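**Student:** Given these sequences and hints, build the entire structure.
One-letter residues, chain by chain:
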Amino acid sequence: MPISFPTTLDLGRFLPEILLTVFGTLFMVLDAVLQKRSKNLFGHLTLLALAAALGASLYAGSEPGPAFGGMLVVDGFATFFRVLVLGVGMLIVLSSYRFLARENAETGEYHALLLFSLAGQCLMASANDLIMVFIGLEISSIASYVLAGYLRDDKRANEAALKYFLLGSFATAFFLYGVAILYGSTGTVKLDQIHAVLTGPNAPFPVFVTLAAALMLVGLGFKVSAAPFQVWAPDVYQGAPTPVAAFLSAAPKAAAFAVFLRIFTTALEPIGTAWEPLAWGSALASMTIGNFAALLQSNIKRMLAYSSIAHAGYVLVALTARSDTGTSAAMFYLAAYALMNLGAFAVVTHLSGKGERYLTLDDFAGLAQKQPFTAAMLTIFLLSLIGVPLTGGFFGKFYIFKAALDSHLVWLAVLGLLNSAVAAYYYLRVLVMMYMHDPSQAVQEAEPLSHGLQLALVLPALGTLFLGIFPNWVLEFAGHSAALMK
Amino acid sequence: MAEIPIAWFLTLSAVLFVLGVAGFLFRRNIITVFMSIELMLNAVNLSFVAFSYQLKQVDGNLFAFFVMVVAAAEAAVGLAIILTVFKNRSTLNIDEVETMKN
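In order, the protein sequence lines correspond to chains A and B. The opening position of the first sequence corresponds to residue 1 in the numbering used here, with each subsequent residue numbered one higher. The opening position of the second sequence corresponds to residue 1 in the numbering used here, with each subsequent residue numbered one higher.
What the hints contain is simulated information worked out from the structure, not anything from laboratory work. Warning: the hint list may mix true and false statements.
[Said to hold, decoys possible] Footprint (simulated), chain A over chain B, 3 or more residues, beta carbon under 8 Å:
#1 44 to 57
#2 68 to 81
[As the list claims (entries may be wrong)] For the chain A half of the interface with chain B, some residues (derived, Cβ under 7 Å), not all of them:
#3 I142
#4 R152
#5 K155
#6 N158
#7 E159
#8 L162
#9 A173
#10 L176
#11 Y177
#12 G187
#13 L484
#14 M485
Values in this document were obtained by computation on a predicted structure and should not be read as measured data. Positions of the beta carbon are idealized from the N, C-alpha and C atoms, including for glycine.
**Tutor:** Rendered as structure tokens:
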């Protein structure tokens, strides 16, 4: 095998990951060396790093193509998800300033871990080879395990990290076993070559490939918290520091779905009829379990965790549709979901107080009286999570169910719609609390919004409304890149 | 010397993997649970190497190396997490690490 050095083109297409890793490593050194520093230094530097990586992603996306002998591919799909996870990263940094100061936590390591995790997610978005998928998945996961337990004297955070770590590694093992069997039966780990082998004359025995697909579905199902592999999500989201829980519900999930969509709609498309029933069942189970369990929760983070399971179910509906419309609907939905969910979590971060004492639904009582602006922002996010028109959540659900109907998944679409009606109840309960009750202890004690949190609320709110009023701009890009992915 | 058929390796790998899954589900000590995960990863590695040998390709071996590297990184992080759990609770029984319920 000839040794080939990476060309400038290769490096250009890999630049976002390089920048994130270099900055992350730099932070760890700076954290050890710098004695005197302002407490917001690392937050500002992280925003700078993310902006640089965002620029690099757009630059790489302007000249699409493969890199490193086809191990990575920078296409519209990859660029979409890179921009999405980096945007999520920025919003997380904005809502973490106040949180880290309040909890007296170290800032250097936190931001370094965030950057490493994002580097893994960018790699997942552009991976075109199962080795790269695996490495991206693990870089992202290992950094997230530590982030989940970042407040290491907090019992709940420890428990969250432990559960996330054990179940995450368990899932990885399943995914890997699937990869091993797929490699054994097709003789390659490159996604396009797997597709070629499966459609070619020497297609392997379908039982093995289906088994491999099922094992990979289990592994990725864990990562996106789809039922029946969702058990870890409520405990992890509840125990992890709130900004980290927000991060986990948006970025690693979007990246895992990117991998999910790329593997199952390109490489494993030839055996689509075999895995479709599995995805169908998982989609329905996620929506139903997520929504009905969320009805019973009194802890707001736990409720958002179950709601995130339900939303994973909606995206799986789009995957089950097995069409370009489905893929683009999933992309649109993940963007809309990231925005509205981050916004909702930012309000929780704001209100929870030192040591995260105030996390029940009752703590939101009377928020509209004391802080009408915060309440108004949360209203936008909750309405979008319900799927009310003029918000991104509405069009997200609309496109997903439309894609399902186009693919003749009538029952799944009907059951999904019924599910979103159930979901309206628990989101509306928060709204009623905020507007129709007297202020709670938590609301009385709440500080005014910090600048970072203000931005972390306004930007997602604007994004949610933008996606709700001008959905075509994002949807067309998503549709275009979904069609080009094949 | 007769060659060992690949099916034997794959069967051994499947058995080890299932043992790992069983250990993960039924053992109560966190360290043992963690060891079960490592067993699953090594079972997968065995499959990779067996396939790689049969296909006369280097890809599977490469994959096994990456799995080892990642497993090492995971062990470092995992043991650190287990240590903080032990410091906070003085127990390694997984049933006693259960404070979050609605």
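**Student:** Checking C-beta pairs, does the region 68 to 81 of chain B have three or more residues closer than 8 Å to chain A?
**Tutor:** Three-residue rule met by the region 68 to 81 of chain B, so holds; n is 7.
**Student:** Is the shortest C-beta separation between A:G187 and chain B less than 7 Å?
**Tutor:** holds (5 Å)
**Student:** Should the interface hint for A:I142 be scored as holding, given a Cβ-Cβ cut-off of 7 Å against chain B?
**Tutor:** Cβ of A:I142 sits 5 Å from chain B, so the hint holds.
**Student:** For the hint on A:N158, does the least C-beta distance to chain B fall short of 7 Å?
**Tutor:** holds (5 Å)
**Student:** Checking hints one by one. Is A:M485 an interface residue toward chain B, by the C-beta closer than 7 Å rule?
**Tutor:** violated (23 Å)
**Student:** Hint check: is the beta carbon of A:K155 less than 7 Å from a beta carbon of chain B?
**Tutor:** Nearest chain B Cβ about 5 Å off; hint holds.
**Student:** With a cut-off of 7 Å, does the beta carbon of A:R152 approach a beta carbon of chain B closely enough for the hint to hold?
**Tutor:** Where the cut-off is 7 Å and the nearest Cβ of chain B is about 5 Å from A:R152, the hint holds.
**Student:** Going by Cβ atoms only, is A:L176 closer than 7 Å to chain B?
**Tutor:** With Cβ-Cβ at 5 Å, under 7 Å, it holds.
**Student:** Would the stated hint for A:L162 survive a check requiring a Cβ distance to chain B of less than 7 Å?
**Tutor:** holds (5 Å)
**Student:** Taking 8 Å as the C-beta cutoff, is the stated coverage of the region 44 to 57 of chain B by chain A satisfied by three or more residues?
**Tutor:** Coverage by chain A holds for the region 44 to 57 of chain B (8 residues, Cβ < 8 Å).
**Student:** Quick one, is the A:A173 hint okay against chain B at 7 Å, beta carbons?
**Tutor:** holds (4 Å)
**Student:** Do the numbers back the hint for A:Y177, that is, is its least Cβ distance to chain B under 7 Å?
**Tutor:** holds (5 Å)
Hint compliance for this structure: hints 13, 14 are broken, all remaining hints hold.
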